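J.: Sequence:
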Amino acid sequence: MSSSCPSSTATPNEVRAYLIQVLITKHNATADYANKVAKKWGLGRGLDLRRMRRSDFQNWFGHTDGYYLFDSVQEDICSNPYKTPLGLSHTGSHSFVILFPSPSLLKCVTSPSDFKNISALFAFTLGLQLLLVRSRTKGSAL
1 MSSSCPSSTA TPNEVRAYLI QVLITKHNAT ADYANKVAKK WGLGRGLDLR
51 RMRRSDFQNW FGHTDGYYLF DSVQEDICSN PYKTPLGLSH TGSHSFVILF
101 PSPSLLKCVT SPSDFKNISA LFAFTLGLQL LLVRSRTKGS AL
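Here the numbering used here is used: the first residue of the sequence shown is 1, the next is one more, and so on.
In case anyone wonders, no lab produced these hints; they're calculated from the structure. Every value quoted in this text rests on a predicted model; they were computed, and no experiment measured them. Possibly wrong hints are sitting among the right ones.
[As the list claims (entries may be wrong)] For lysine-lysine, the following DSS-like pairs were computed, each having C-alpha atoms within a straight-line distance of at most 27 Å:
| # | residue 1 | residue 2 |
| --- | --- | --- |
| 1 | Lys26 | Lys36 |
| 2 | Lys39 | Lys26 |
| 3 | Lys26 | Lys40 |
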């Protein structure tokens, strides 16, 4: 069963439910143990979970649990890049994406081939934005 990292606007209860699911499905934790660990999550929302560093996880959940929980959360964030905040911009009737090297996206770059893929995504998006701007300045509809 795959996990899906909570959205940036997820409530604290949704984050706790996600953490329980991760501990049970990815780490074979018992439900009691997963609940005990997840209860350590305070009032933070989904965005807080996404921004945490490994040391933050270890401070919140304990050295060992935090270490492995961080890896699992990052794995879920990187496996679903479309849920990562990339900076959506809506202008008039056209919507387009402005990509910038967000910390969440850059955490997914672990090898030179990943960097090539991200670079290609940036180049493609920049080209798409230029086409949209060009079509708007010429008065044509897209």
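J.: Hints first: check each against the structure and report whether it holds.
T.: To see whether the hints hold, each was checked on the structure:
no.: 1; hint: Lys26 x Lys36; in the structure: holds (16 Å)
no.: 2; hint: Lys39 x Lys26; in the structure: holds (18 Å)
no.: 3; hint: Lys26 x Lys40; in the structure: holds (19 Å)
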